[in-house]
Amino acid sequence: MANSQAVTFHRVYVWELPVRFYHWLNAICVLTLIGTGYLIGRPLAITYSTEAYQQYWFGTVRFIHFVTAFVFFFNFLFRTYWGFVGNKYARWNNFIPFRKAHLQEIKEVLKVDILQAKAKGIISIGHNMLAGTTYFLSFLVFLFQVCTGFALYSSMSSSFLPKLFAWVIPLMGGDFAVRQWHHVFMWFFIVFTIIHVYLVFYHDYVEGRGTTSSMVGGWKFEREDVLK
Amino acid sequence: MAKQLPSLWEAMQAKGYSRREFLKFCGAAAAVAGVKATGMASVVHAFENKPRPPVIWLHFQECTCCSESFIRSSHPIVSDVVFDYLSLDYTETLQAAAGHQAEKCLHDTMKNYPGQYILLVEGSVPTKDDGVYCTIAGRSAADILHETAKDAAAVIAWGSCASHGCVQSANPNPTSATPIHKIISKPVINVPGCPPIGDVMTAVITHLLVFGKVPDLDSQGRPKEYYGRRVHDTCYRRPYYDAGLFVEAWDDEKARKGYCLYKMGCRGPVTYNACSVTRWNEATSYPIQSGHGCIGCSENGFWDNGPFYRHLASFPGFGIETTADTIGTVVGVAAAAGVTAHAVTTNIRKKKIINDRIDRSVTDREPKEEGGDE
Numbered sequence: 001m002a003n004s005q006a007v008t009f010h011r012v013y014v015w016e017l018p019v020r021f022y023h024w025l026n027a028i029c030v031l032t033l034i035g036t037g038y039l040i041g042r043p044l045a046i047t048y049s050t051e052a053y054q055q056y057w058f059g060t061v062r063f064i065h066f067v068t069a070f071v072f073f074f075n076f077l078f079r080t081y082w083g084f085v086g087n088k089y090a091r092w093n094n095f096i097p098f099r100k101a102h103l104q105e106i107k108e109v110l111k112v113d114i115l116q117a118k119a120k121g122i123i124s125i126g127h128n129m130l131a132g133t134t135y136f137l138s139f140l141v142f143l144f145q146v147c148t149g150f151a152l153y154s155s156m157s158s159s160f161l162p163k164l165f166a167w168v169i170p171l172m173g174g175d176f177a178v179r180q181w182h183h184v185f186m187w188f189f190i191v192f193t194i195i196h197v198y199l200v201f202y203h204d205y206v207e208g209r210g211t212t213s214s215m216v217g218g219w220k221f222e223r224e225d226v227l228k
Numbered sequence: 001m002a003k004q005l006p007s008l009w010e011a012m013q014a015k016g017y018s019r020r021e022f023l024k025f026c027g028a029a030a031a032v033a034g035v036k037a038t039g040m041a042s043v044v045h046a047f048e049n050k051p052r053p054p055v056i057w058l059h060f061q062e063c064t065c066c067s068e069s070f071i072r073s074s075h076p077i078v079s080d081v082v083f084d085y086l087s088l089d090y091t092e093t094l095q096a097a098a099g100h101q102a103e104k105c106l107h108d109t110m111k112n113y114p115g116q117y118i119l120l121v122e123g124s125v126p127t128k129d130d131g132v133y134c135t136i137a138g139r140s141a142a143d144i145l146h147e148t149a150k151d152a153a154a155v156i157a158w159g160s161c162a163s164h165g166c167v168q169s170a171n172p173n174p175t176s177a178t179p180i181h182k183i184i185s186k187p188v189i190n191v192p193g194c195p196p197i198g199d200v201m202t203a204v205i206t207h208l209l210v211f212g213k214v215p216d217l218d219s220q221g222r223p224k225e226y227y228g229r230r231v232h233d234t235c236y237r238r239p240y241y242d243a244g245l246f247v248e249a250w251d252d253e254k255a256r257k258g259y260c261l262y263k264m265g266c267r268g269p270v271t272y273n274a275c276s277v278t279r280w281n282e283a284t285s286y287p288i289q290s291g292h293g294c295i296g297c298s299e300n301g302f303w304d305n306g307p308f309y310r311h312l313a314s315f316p317g318f319g320i321e322t323t324a325d326t327i328g329t330v331v332g333v334a335a336a337a338g339v340t341a342h343a344v345t346t347n348i349r350k351k352k353i354i355n356d357r358i359d360r361s362v363t364d365r366e367p368k369e370e371g372g373d374e
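Chains as they are written, first to last, in this note's numbering: chain A, 1 to 228; chain B, 1 to 374.
Honestly, the hints are just simulated from the structure, not real lab data. Possibly wrong hints are sitting among the right ones.
[Claimed, not checked] The calculated SDA-like cross-link candidates involving lysine to any residue, where the alpha carbons are at most 25 Å apart (straight line), are:
| id | chain 1 | residue 1 | chain 2 | residue 2 |
| --- | --- | --- | --- | --- |
| 1 | B | K224 | A | S155 |
| 2 | A | K163 | B | S219 |
| 3 | A | K118 | B | K352 |
| 4 | B | K257 | A | S49 |
| 5 | B | K351 | A | E222 |
| 6 | A | K118 | B | A337 |
| 7 | A | K120 | B | R349 |
| 8 | B | K263 | A | L31 |
| 9 | A | K111 | B | T346 |
| 10 | B | K257 | A | G41 |
| 11 | B | K254 | A | A52 |
| 12 | B | K150 | B | P215 |
| 13 | B | K351 | A | E108 |
| 14 | A | K118 | B | T340 |
| 15 | B | K263 | A | V61 |
| 16 | B | K254 | A | V61 |
| 17 | A | K118 | A | Y205 |
| 18 | B | K50 | B | K111 |
| 19 | A | K163 | B | K224 |
| 20 | B | K352 | A | L110 |
| 21 | B | K263 | A | W187 |
| 22 | B | K351 | A | G210 |
| 23 | B | K351 | A | L115 |
| 24 | A | K107 | B | I353 |
| 25 | A | K118 | B | N355 |
| 26 | A | K107 | B | A335 |
| 27 | B | K352 | A | L115 |
| 28 | A | K107 | B | I348 |
| 29 | A | K163 | B | G221 |
| 30 | A | K111 | B | I354 |
| 31 | B | K350 | A | Y198 |
| 32 | B | K350 | A | L199 |
| 33 | B | K350 | A | S124 |
| 34 | A | K163 | B | R230 |
| 35 | B | K15 | B | A96 |
Generate coordinates for the entire structure from the input sequences, incorporating the hints supplied.
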C-alpha cells in the first residue's frame, strides 16, 4: 500500500497494580455506599408480619454502610499516598491542570466528547487532562463525604476516627444540615458513575488504545510515532 | 458595694422550714443535678454555706414558652426553685413590680451583687436598625444585655431563641435576630429547645448552685448531661427503626402499631435533647410517644429545615416540594439520556471513526502463515 505505512503500537504499562486495586475496591465501595445510603435515606415500604425484635434489616443496612465507609476512607488515603510514590501516570500532577498545555488538552477532549470532533494533537496515554481534573473534583467530594459522614457517625461512636470529625457539625449548623448535604452529594456519585462508565467505553472506541481493559491488565497501547 | 446574701439554709430557716425539710430538698436537688448518693454531703454543705444567688431573668424577642415550661418543672417543684434556692429579683413575667419599681429591682441587683448574680436570658436580640425592634424602658435589648452580662456570675441562654435565634431568625430574619452568645463575649450556657424541658432548666440551675461552676458543655455550649445524646438514641420506638418498621401514613396500621416515625419526617435522629429520657409534664409523655415526630426544636435553624413531615428539607431555590432526591433523579435521568444520545450519534458516525482509525497497511496484509509480528 503506497499511501499508508505500517504503524507499530507499543504496550505501555500505565496502571500499576495498586492503582487498579484502588480503582476496583473504590468502585465496589461507592456502589455499596450509594445503595445502602439511598436505602437509609428512603427505606423500603414493606409490610411485615413480624415484630421488631425478630428482625434487624435496617440496622444491618446501616452497618454495611458504616463498614464500607471505613474501607472507602482508608482506600482513599492509600490512593492519595500513591499519588506521591506511584509511577508518572499515578502522580498527583495528573489531576491538577496548572499548565497552559493542560487547559489546551481539556479543551481538546471536550471537543472530542461533546462535539464528537476528531482529536487534534495527542490525548495523554494516562488520564487525559479532563478526566484527571474531574477525578480531582471527585476527590474533593470524597473528602466532603468522609467529613460529613464521619461527623454524623461521631455521635453514635466512641472510636477515635469519627470523633476527629465532630467539629463539622457545629460548623455546618447541626446534624440536619450535615445529613442533607451528605445526601445531596450521593447524587454526584450516581451521575459520575453513569458518565464515567460511558466515557470509558467511548474513548476506548475512538482512541483505540485499550482504555477499558487497561484498568484490568494495566496496559495501554500507543503508536510508535507518538511515543517518540 | 457587694452585699452578703444569706445561704439557702439560712433563708429556709427564716421561713420556718425544718432541718428535715431542708435535707429532703437537698436530696431532690442532688438527684436532679445527677449527684451520686455519696456526694449528698457536698450538696448539703453547699446549700448550708453558699449564698443564695440573686437572679435576673431577661425577656427579649420570645414567646415566654420557656417561662411557661419552667414553671411546669416538677423535679424539684418550681415553687422551691423560685422562692427558696434562688432569689428571683427581676423577671418581667412573674414579678409584682412594674415600671420604675421593676427597673429599680434590676439596677439594685446589679449594683449590690456584682459578680454574684445569675443572668438568665430568654429570647433573641435584634441587631438591625440599632435594635429598635425590641426595647424595654426605652433601651434596646442589646444595651440591656451588655450591661447586665458585664457583672454576671454566669449567663444562661434559655431556649432556642437565646441559643440559636429560633423563629425570629428564620429566613429572611427581618430584625437580624441574634443569639446571646454572639452578642456578649462571656461564656454562655445554651439550653436550647422550643421550649427547653422544664426539668432540664431547673437541673442546669441546680448544677450551678450545687457545684458553683458551669456544667460540662459541648462544642455548641450545651450541657452535655442533657444534650449529649440524640432523641433517637433513647427513643422507645428505636427498635422499630433498626428493624425497618416505619409508619408510612398518619392513619395507617403501622401508625396504630406505634412504628418508627422516621419516614414521617421525625427529627429524632438529628436532634440532641433529653425528651425521650426526662419526657414532659411530670414525665407524662413526649412528642414521639404522642404519635407525632420530633420537629427538632432544640436544633439550630430548625424552622428553615422544613417541611416538618419530611426528613429531607426542600432544596433551596427549587420550590417548596422539591427535595434533593427529586433534583438528583432529574439530573441522573438527564445524564443517562445524554449518554444514550451520545452513543447513538457515535454509532451514526461509526464509519468515519473506523475509517480514520483503521490501519490499512495491516488490514490489507494477509496474515502470515507462521510466526507473529514480534
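Hint by hint, here is what the structure shows:
no., hint, verdict
1, B:K224 with A:S155, "12 Å, holds"
2, A:K163 with B:S219, "12 Å, holds"
3, A:K118 with B:K352, "10 Å, holds"
4, B:K257 with A:S49, "12 Å, holds"
5, B:K351 with A:E222, "22 Å, holds"
6, A:K118 with B:A337, "23 Å, holds"
7, A:K120 with B:R349, "17 Å, holds"
8, B:K263 with A:L31, "24 Å, holds"
9, A:K111 with B:T346, "13 Å, holds"
10, B:K257 with A:G41, "22 Å, holds"
11, B:K254 with A:A52, "12 Å, holds"
12, B:K150 with B:P215, "20 Å, holds"
13, B:K351 with A:E108, "22 Å, holds"
14, A:K118 with B:T340, "20 Å, holds"
15, B:K263 with A:V61, "16 Å, holds"
16, B:K254 with A:V61, "21 Å, holds"
17, A:K118 with A:Y205, "12 Å, holds"
18, B:K50 with B:K111, "20 Å, holds"
19, A:K163 with B:K224, "15 Å, holds"
20, B:K352 with A:L110, "19 Å, holds"
21, B:K263 with A:W187, "20 Å, holds"
22, B:K351 with A:G210, "19 Å, holds"
23, B:K351 with A:L115, "17 Å, holds"
24, A:K107 with B:I353, "20 Å, holds"
25, A:K118 with B:N355, "12 Å, holds"
26, A:K107 with B:A335, "21 Å, holds"
27, B:K352 with A:L115, "15 Å, holds"
28, A:K107 with B:I348, "24 Å, holds"
29, A:K163 with B:G221, "17 Å, holds"
30, A:K111 with B:I354, "18 Å, holds"
31, B:K350 with A:Y198, "16 Å, holds"
32, B:K350 with A:L199, "16 Å, holds"
33, B:K350 with A:S124, "23 Å, holds"
34, A:K163 with B:R230, "16 Å, holds"
35, B:K15 with B:A96, "20 Å, holds"
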